[in-house]
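Participant: Read off the chains here:
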Amino acid sequence: MLRLSVVKRWTGFKLRAELEAPTPGVVALFGRSGCGKTTLINILSGLLQPDEGRVELDGVVLTDTRQRVRVPAERRRIGYVFQDARLFPHLGVLGNLRYGMRRAPREGRSIGLEEVLALLGLEPLLGRRPYQLSGGERQRVALGRALLSQPRLLLLDEPLAALDAARREEVLPYLEALRDQLSIPMVFVSHQLDEVLRLATHVALMESGEILASGTLSDLSVRPEFRAIVGPEAVGAVLDGVVTQVDTANGMADVRIGRGTLHISAPNTRAGARLRIQLLARDLILATEPPRGLSVRNAVEGVITELSNDIGQAVLVKVDIGAGASVLARVTRNATAALGLRAGMTLWVLVKAVSARGHTYSAGEPRV
Amino acid sequence: MLSLTPAEMDALRLSLDVALRSVAISLPPAVLVAYLLARSRFPGVLALDALVHLPLVLPPVAVGYLLLVSLDSRSATGQWLLAHFGVALPFTTWGATLATAVMTFPLMVRAIRLALESVDRGLEAAARTLGAGPLDRFVSITLPLTLPGILAGLLTAFAAGLGQFGAVITFASNVPGVTRTLPLALYTAIQEPGGEAMAMRLAVLSIALGVLGLVLAELLARRVHRLLGR
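Residue numbers (my numbering), protein chains in the order written: chain U, 1 to 368; chain L, 1 to 230.
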């Protein structure tokens, strides 16, 4: 468990954050630039001291201003991957990788050089110097360097922000591999929804120095605070489902979500795998009767729990589809009136199989 | 030019010797002072800064004179040095070395301080998260990244040290083979009737030495920069 409750004041800025997150797992600090995400992980790392508060990781108190506990950053064993990689220019790739490894305690080493080289594809880079690496390669080396310091927690400060789309794709799969193959808890800072979708198991929404809400992505994605951060185009529920059946020939899969099952495009998956699906509010269709004669293959029954004003003349309808899962659908005010939509009403949510495609991500196996 | 007289050889050897010794003894304190000036916030920093730079703005003869009054055998410090270490600084090679070191100290400190100030503090923070304590960080990150500045400081101080005159002659006097370095020998030659030829040879020797130093400094700087990947 990661527990923190800290206050940090500057002129014109105040951070007041409380967070509890399960470990291991990947926590995303999600919010717009300047909301205090980096400040918060700097406090976690020990590079910055809070004015007041407490930081506890897996039962070890790292900071407690009341009891004057301040474990210095160099003894926290918290790895940190900076936005700008910060490789040491006077050392080669191998020298950088070894830097943290040499300083890690001998006992309890869980990850070795060979493993890191294989996991991050660093073998071909070993003979190079930092200035000879691309942005994506630099981040991978920085990641490896942090891992080899045998961290109890890994912090990532927008590790992909300085990279263009192609370079991001050079690093993201490695981060996913890390999450799925190692049991090192991670906290990463991001203002990009797609990174959060692909990596996070737990999300904390931040705004103006405060954590507005935290929880699983499926819980948070339907909340108003989340909508404000991602913007109107990306509003929609994110659901973690389990693949029940695979149609390899057509690249389709059945995914159990809530009470229903969605038949969606999902190449490269297998039965039993966990899939994360983003259902954009603008892609969903609502029907007051069981639909017939439509090309849409998916109809999930649910109950309206909330109607709220959306941008323009639109209304956001929140529908509980069972098993604790909710989706959001954007409909016009006219349609709302014509269908007589109101809270408590039972209806059917229609999802085009293809509209969920491209937003299906492996959410990683749950770890014990 | 190629065949130097014994007196000229002495002057050349002494100049190199004094300059070399002076940079060797000033390097550790220069790194320390540069670090304090670049990094620390204590109230005396301004005073320290002024003190270190004083030799740059004082007449060299005044520096030599101040050294003489504070260190000669009649002064308390001079007597203490003599009693405990058997060392008398005035009129000795070590005296010339000390005068040279004091004069070139600000040059060395400046170069190292500039390099220290340009070290990315973020790299030290990164080293911290990787488990490096303060001393470890200084030795493994800060110092290597300051290396170009340290080398530049060493070379500047060495080159300037070859030509120190006023402070040396005032504090250590002009003793052949002991404190008579190139510039002092040059000065002596000018003073002597018929010494013009020797003065010219010594001047040419000084120029050659200077050019050689500059070329070596440039080559070294390139190597270091390549090593740091810049």
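Derived from the structure by calculation, the hints contain no laboratory data.
Check before you lean on any hint, since a few could be wrong.
[Unchecked claim] Just some of the chain U residues that point at chain L, by a computed CB distance under 8 Å:
(1) Ser33
(2) Glu74
(3) Gly100
(4) Arg103
(5) Arg145
(6) Tyr174
[Said to hold, decoys possible] Over 12 Å on every C-beta distance to chain L, these chain U residues come out as not near it, computed from the model:
(7) Trp10
(8) Gln83
(9) Asp84
(10) Val303
[As the list claims (entries may be wrong)] If you want the footprint, here are the derived chain L segments under chain U, 3+ residues with CB under 8 Å:
(11) 114-128
(12) 141-153
Even glycine gets a Cβ: it sits at the ideal position worked out from N, Cα and C.
Participant: Determine which of the earlier numbered hints do not hold for this structure and return their numbers in increasing order.
Facilitator: 1, 6, 8, 9
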